[in-house]
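Let the hints inform the model, and build the full structure from the sequences given.
Everything in the sequence shown is counted per my numbering, starting at 1 for the first residue and increasing by one.
Bear in mind the hints are in silico, worked out from the structure with no lab data behind them. The beta carbon of each residue, even a glycine, is placed where N, CA and C say it ideally should be. Check the hints yourself; a few may be wrong.
Ranges of calculated distance between the beta carbons of each label pair, as one might list FRET restraints [unchecked claim]: (1) 6 to 61: 25 to 31 Å; (2) 61 to 2: 26 to 32 Å; (3) 47 to 17: 23 to 29 Å; (4) 7 to 38: 15 to 21 Å; (5) 47 to 22: 16 to 22 Å; (6) 54 to 10: 15 to 21 Å; (7) 51 to 16: 16 to 22 Å; (8) 5 to 61: 26 to 32 Å; (9) 7 to 54: 16 to 22 Å; (10) 12 to 46: 14 to 20 Å; (11) 61 to 4: 25 to 31 Å.
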Amino acid sequence: MGLDPVLLEILACPAPDHGELRPGTPDDPAAAALTCQSCGRRFPVTDGIPVLLLSEATGGPEHDAAATADG
Numbered sequence: 001m002g003l004d005p006v007l008l009e010i011l012a013c014p015a016p017d018h019g020e021l022r023p024g025t026p027d028d029p030a031a032a033a034l035t036c037q038s039c040g041r042r043f044p045v046t047d048g049i050p051v052l053l054l055s056e057a058t059g060g061p062e063h064d065a066a067a068t069a070d071g
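If you want it as structure tokens, here you go:
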């Protein structure tokens with residue numbers, strides 16, 4: 001993915017718990033995404049630019065609650 005390590009140190013999840021972001025996803029460490037270590041939300045990286053909008057995130061507490069309700 002190639003994000004600047006200094007930038008990764010500055011970026012944080014925009015959710016209220018403000019977790020640290022790590023490159024990739026748990027299933028694919030090379031994915032073009034950043035994953036919050038606190039809530040599990042995954043944010044896309046488009047053309048090298050992290051899209052840190054909650055509306056664009058996948059996973060996280062809302063996803064887990066919906067999956068539990070469906071199952």
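Okay, the hints, checked on the actual structure:
Distance hint for residue 6 and residue 61: a CB-CB separation of about 29 Å, consistent with the stated range 25 to 31 Å. Our hint of 26 to 32 Å for residue 61 and residue 2 holds, since their Cβ atoms are close to 29 Å apart. A hinted range of 23 to 29 Å holds for the C-beta pair residue 47 and residue 17, which are about 28 Å apart. The given range of 15 to 21 Å is respected by residue 7 and residue 38, whose C-beta atoms sit roughly 19 Å from each other.
At about 20 Å, the beta-carbon gap between residue 47 and residue 22 stays in the expected band of 16 to 22 Å. Look at residue 54 against residue 10: about 18 Å separates their beta carbons, and that is inside 15 to 21 Å. Under the hint 16 to 22 Å, the C-beta atoms of residue 51 and residue 16, about 19 Å apart, fit the expected range. Residue 5 and residue 61 have their C-beta atoms about 28 Å apart, which keeps the hinted 26 to 32 Å range intact.
Checked against the hint of 16 to 22 Å, the pair residue 7 and residue 54 passes, with Cβ atoms roughly 20 Å apart. Range check, residue 12 to residue 46: Cβ separation about 19 Å, and the 14 to 20 Å hint holds. About 29 Å separates the C-beta atoms of residue 61 and residue 4, a value consistent with the hinted range of 25 to 31 Å.
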